[in-house]
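*Asks:* Sequence:
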Amino acid sequence: MKKAISTDKAPAAIGPYSQAIEVNGMIYTSGAIPVNPETQVIPEGVEAQADQAIYNMKAILEAAGTTIENVIKTTVFIKDMNDFTKINEVYAKHFTGTFPARSCVEVARLPKDVLLEIEAIAVK
Numbered sequence: 006m007k008k009a010i011s012t013d014k015a016p017a018a019i020g021p022y023s024q025a026i027e028v029n030g031m032i033y034t035s036g037a038i039p040v041n042p043e044t045q046v047i048p049e050g051v052e053a054q055a056d057q058a059i060y061n062m063k064a065i066l067e068a069a070g071t072t073i074e075n076v077i078k079t080t081v082f083i084k085d086m087n088d089f090t091k092i093n094e095v096y097a098k099h100f101t102g103t104f105p106a107r108s109c110v111e112v113a114r115l116p117k118d119v120l121l122e123i124e125a126i127a128v129k
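All letters in the sequence shown, in the order written, are residues 6 to 129 by the working numbering.
Bear in mind the hints are in silico, worked out from the structure with no lab data behind them.
No experiment lies behind these values; they were computed from the predicted model shown.
Among the clues, some could well be false.
DSS-like cross-link-like pairs, simulated, lysine-lysine; straight-line CA separation at most 30 Å [unchecked claim]: (1) K91 - K8; (2) K78 - K14; (3) K98 - K84; (4) K63 - K84; (5) K84 - K117; (6) K63 - K8; (7) K129 - K63; (8) K117 - K91; (9) K84 - K14; (10) K91 - K7; (11) K8 - K129; (12) K98 - K78; (13) K129 - K14; (14) K78 - K8; (15) K117 - K78; (16) K7 - K78; (17) K78 - K91; (18) K63 - K78.
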């Protein structure tokens, strides 16, 4: 049975989807974009956006009863592959120890015209 995960510590879904779903102890997050959930402001610059997107993902994981340390796979969608190194620097500050598996793809456009979006799969 699947269970929807929701928290007001991350931006609300902007469409017909859940922030995350739990199935059999696995957490599947939707893409987290860099919107501050309190102010609805999108920070300037790719580093600040990467930080905010990961903070939002962390909040969703915590609402699901797990942490970033239990993430086994992420997918990062970025608007400009030239930002790859900057995003990696921020990513490495949040993920420590054994890094999760990851895919990173450049995309033409993201919701709210943000510079990146990140989704994760974690164990509980």
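*Asks:* All hints, please: hold or fail.
*Replies:* Cross-check of the supplied hints:
no. : hint       : in the structure
1   : K91 - K8   : 35 Å, violated
2   : K78 - K14  : 22 Å, holds
3   : K98 - K84  : 21 Å, holds
4   : K63 - K84  : 22 Å, holds
5   : K84 - K117 : 12 Å, holds
6   : K63 - K8   : 18 Å, holds
7   : K129 - K63 : 13 Å, holds
8   : K117 - K91 : 21 Å, holds
9   : K84 - K14  : 25 Å, holds
10  : K91 - K7   : 36 Å, violated
11  : K8 - K129  : 13 Å, holds
12  : K98 - K78  : 17 Å, holds
13  : K129 - K14 : 19 Å, holds
14  : K78 - K8   : 20 Å, holds
15  : K117 - K78 : 24 Å, holds
16  : K7 - K78   : 19 Å, holds
17  : K78 - K91  : 20 Å, holds
18  : K63 - K78  : 14 Å, holds
In terms of the numbered hints stated before, the structure departs from hints 1 and 10, listed from lowest to highest.
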